[in-house]
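As given, the protein sequences belong to chains A and B, one line each in that order.
Every letter in the first sequence is one number past the one before it in my numbering, and letter 228, counting from 1, is 1279.
Every letter in the second sequence is one number past the one before it in my numbering, and letter 240, counting from 1, is 232.
I should point out that these hints are in silico values taken from the structure, not numbers from a laboratory.
Be aware that a few hints might be false.
[To be verified] Examples of chain B residues lying across from chain A (beta carbon under 8 angstroms, computed):
#1 ALA17
#2 ALA40
#3 CYS61
#4 PRO164
#5 THR166
#6 ARG167
#7 CYS176
#8 VAL198
#9 PHE199
Note that beta-carbon positions come from the ideal geometry of N, C-alpha and C, so glycine has one too.
Here are the chains, one letter per residue:
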Amino acid sequence: MTSLHNTSHMLSLSELLAQCQQGLEANFVLMSLFGRTAHPDEKAGVIVTAVLLQPGTPGLTPRVLRGYAEPGQRYPSLTSQFPAAQIYERELWEQTGLQPEGHPWLKPVRYEGARQGQMGDYPFYKVRGAEVHEVGVGPIHAGVIEPGHFRFMCHGEQVHHLEIQLGYQHRGVEALLLARHAPERRTPIVESIVGDSAVAYAWAWCAALESMADQSVSVATLASRAIGLEMERLAMHLATLNGLCTDIAYLQPAATYGRLRTAVINASQRACGNRFGRGWIRPGAAKPIGDALRQDLLTTLRAFLPDFQEVNSLVCSSRSVRARFQGVGVVSSQAARDLGLSGVVARASGIALDVRAAQSDNFFATYPVPHQTQSNGDCWARMCQRMQEAEASTQWLIDRLTDPTLNLINTPDPHAPGVASAAWALQPHALCVSWVEGVRGPVMLALETDTTGKLIHAKVQDPSLVNWFGLAMALRNNEISDFPICNKSFDLSYCGNDL
Amino acid sequence: MLKSISVRKSQGTQYIADLRAAQPAGFRSKPLIADTDCKIGCQECISACPSSAILVAPVQIDLGRCVLCGDCAPVCPSNKISFSNDVRLAATNRQALIVTNAHPNIDPIKVSNELRKRFGRSLKLRSVSAGGCNGCELEINALGNVNFDLGRYGIDIVASPRHADAMVISGPITRNMVEALEICWDAMPEPKLVIAVGACAISGGVFANSNTLDRRFLEKVQPSLYVPGCPAHPLTFITGIMDLLGIDTR
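Same shape as in the complex, but just chain B (with noise of 0.2 angstroms):
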């Protein structure tokens, strides 16, 4: 008894208050992109990309593909690009996942207000690792935890789709889980939504030219949220979500 009071004591308060405001030290997130000239005929940065995220003249990145490994700023002879540990990465459409000099961050998410009169205080989640290596389910994972604390919210991850809201896909959905996914979905009421969390999902990320998946589902149902990331960042997922759901928003 005395021991667990003791452990009490050492754990303190770890939520975060203002998890719009949180920015994680260290974190190589936001791809930045300055305004100076590429070299003509150079393409070193696509060849060091890991998951073809990268087309130039003009130089833009598609966060729905990459896996923000970093290796693209150092081959690059003109310093082009680095990056931010702005997590805000989140979107609901696909193309605001592109950024560029002009156009250097994601459109802001707008609320809906029709998924926000129905789960704007209860979202029930369901998650599915198709093909995930585990770093985006540890990161679910970790929304529940003291620190990030998504329960706050009356977002919870539950055990059947029966009783889920959103179904989270994680990896990039190989052909021997689509058809588990697919009995998945089906099982869950309406009305329903899909997130897609991590680069691997949005795009297929580094397996998308891989001939083990199969990923037409997402061409039927498309995300309600795209989450970036390799593996999406907690925070990334979460202010997404409150983003769209209107949640706390001052």
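Bound conformation, chain A alone (with noise of 0.2 angstroms):
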């Protein structure tokens, strides 16, 4: 989903915030909120953006809002009124300056720019008294996993608190995003922005460029990025459920897991060359599925299918799985709404956002993807809430290739001679605000031009920036033993927060 916006139209900073509270206060979900220092032919201070979506609406169309803000300006914080937008104005605070009074977690998200190499600086909180203990993991922890580092309060076995500093994995992202190449070039760098959702970063940079230069695609481009985004889907939550299954140390059904996900992503490198779709998806192309690649693509999750099922049924019959999950990590659905969650740890706490159902401008509207929620928010939901999500797209997937009106071929392929070498136009004083529904949740790029067409902006922002604070909440009563698999059962993207 892609939202094209002139930019020339600006409020002030406080009819923006007005604006937004409005919104919120009807229900809005408030979707980003972010900020960029003026650039030299602007007139100092900061431009900030702040995109709301009116969940339920079909077709939806975002109510994206600018704010021009003076540098170093104060405003009331919207925190403590709306929990949802805490990681927003941290963000805002430290990418910008802009200082929001009153909020009450005012820490930085990821040690950016100046405040670079100071992780030893974080401002944990304390909790004090008799018998309380702290626990710090990380940033390296046991297993092959990304830093960030963890900090438990503890009473007895009981958790009051556990704070999370992130920021470890802080590579500037952004700023590569605007350098040196022509950005119809950048792909590979998007790719690399969360490796485990290459595709669905890759979709939304292209879309974003495809509407700014005014370029469509065929239907088979969008079919073919499509089943590409649904095989990265549902590798990653089998990456996931065999995580799980490691973590609470029942080893057949993870190493079963472990066989099936390379039997999908083997099947993706057949199609793009790489195992993390990296190549499927360019400016304008995606990877054609000849006949001979769609019978392969078939016959591979036609076998995965009932070995899938099969382990599934294995692992949810069995009494001691069902002990250990269930009850365990538990966020409710109002504070799912409150925190401003999103994806699929949202959806196993019952809130129905999913941006492929929104999607009124391409291929998921026409052909959706069937989805579930849960009601319980704890670590069963967000387990069989992945299990019936890759279920679904397997058999969205398998609807789709065996479809003989769907057109696959008629695609640009991104490695063809041709493809890649046109250089586009972008619409010149534009912001486009593109989503794609990652694994985790809405993947967000939103791209800026200036008056020449130049970008000057690329904010990115990862479902997990404001899934992180739903983990720390999750973990409230619970026993330090319990975080393993509610870490695992939302599986956020590290280096999706720290850019």
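Work from the hints to combine the two standalone chains into their complex.
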């Protein structure tokens, strides 16, 4: 889903905040709030963008607000009334210096800019009292996993609060998206923002550029992209299910999910040359799926589905699995809504927001992927949610690949001569917000051009940015030993937060 | 119980018996540079490359930088560049990662007798992601799955640096992570070695020009093994280690 806006209309920061407040009071979802420092040809200050979405209406059009703030301006924080704004206001403060007054939690998001290398200075909350103790874990963890620091504040076995410090993976991707190459040639960098969601990011990037350059793509291109995206979703849900079983030492299904994932990612590799879907999508292009490949993917998925259902049934019918996951790491529907959680985590808590279902302008509107929600919001719900989403994606893939009316060939191959050489003129004075529902939730890219059509700002937002706080809240009143399964059932991205 | 037996039956036998002979279908891996002349003054491949891996006159591709994206191939008017699925890209020497028409293969890894003696039957790895995108991390995890089954050679990933012989670095080494990485290295007992996995760890990859990196650690400690890729394919990693330690040498 892309949404293109002219950037000439500008509110003041206070007007923007007032409209945000009105929207939030009317149950709009705050999809993003971000800023950038003004460019040399603009009045010095900060340009703030807010993106609001009214859930539940088909063919969603996001409400995009733009506001101007003086350098270092102070404003009354939205967070005290709407916790969902907490991470956005923190990021806005870290990136632009705007000060949210009354923010209860104003701490660095990822230690970027001048704060780099100061990871030891994080202002942790303190829990005091007799027999209160703290446990620090990370940034380096026991398994092969990205770095992050977790600090548990406990009384006996009970965790009163978990504080999560991130930023170790900060590689400056937003700046790199503006550097050196022509925008049409930056897709390999975009694919490295979150390597397990390469297809989702590449699609969001390419859709934004196509929208800004007024380029349309064929149905076959959209279909191929959607197939790549669902293969990616399937593969990552399998990785999470594997991890969940490993974390409760149930090794048979863990090994089985590992084997099943291999089959899926190797099929992606046969389609695009890479197990992670890199190279599947480029601006204006997506891998054609010829008859042989189509048959190959179908054979793989048809062999996969019964084995997947069988192992799911094994896991779900085990009473010890049920006992371990049920009632642990609960995020209530209300809490998920208040915290603005998104994607698979939110759906496991009963919030039915899926950008795929909301897309009026592309493929998933014609061929919807049925999706479900759970109501309990515990580790069990998140596991079941992943099983159901993966199964729905598999069935959807099989349906598309067997649909004789669906052309999957009529799409330019990203690696065919001539496809990559076209230079696009981007619409000047434009802001394009682009979403793709990746495995974790909505991946958002917002690109902005100046008066000449040159890209001047790239905002990247992974669903993990908002969801990390959900994990912290989920662990309250649980035990430290519940952390691995809580963490794995959320399966958030560190690099997606740290950028 | 019956379900469990049935799942076991479906699982079958999955391990790849001869890892050195495995050829992953469709994998865009080693670049091949044809013996055709470049158009004079043409720099299309250089401008298409996201990680500055290519030099021309003559064309050479540095696999320490290359992310195997394949974007250079279609822009070349002389059709000079193509990719094969050869996963044998690992090397012990940084310079060996540069391929040209005259030097199309990565130099075969020589067995290190010293390493073989110490670690040939048991090598414990500690993975440190220092700015990785979770691509290499997932592939390192995959080393232990039923297909690649690294454990069969006594090679395992361990939880503590105190138990580790080798530090496996993925990611370009960010300024925010370098301190933790150095603490981890210092906590490992001698003798110890570094394995650099993926274009990011080897050269910075697509992030090489970012002002958020601090790669000085690799000036102090030279990796014993470079494992190219983006992400590095498990087979590239595992065959590299097998060659270095002389495991199952035929």
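**Asked** Broken hints, numbered, in rising order?
**Response** none
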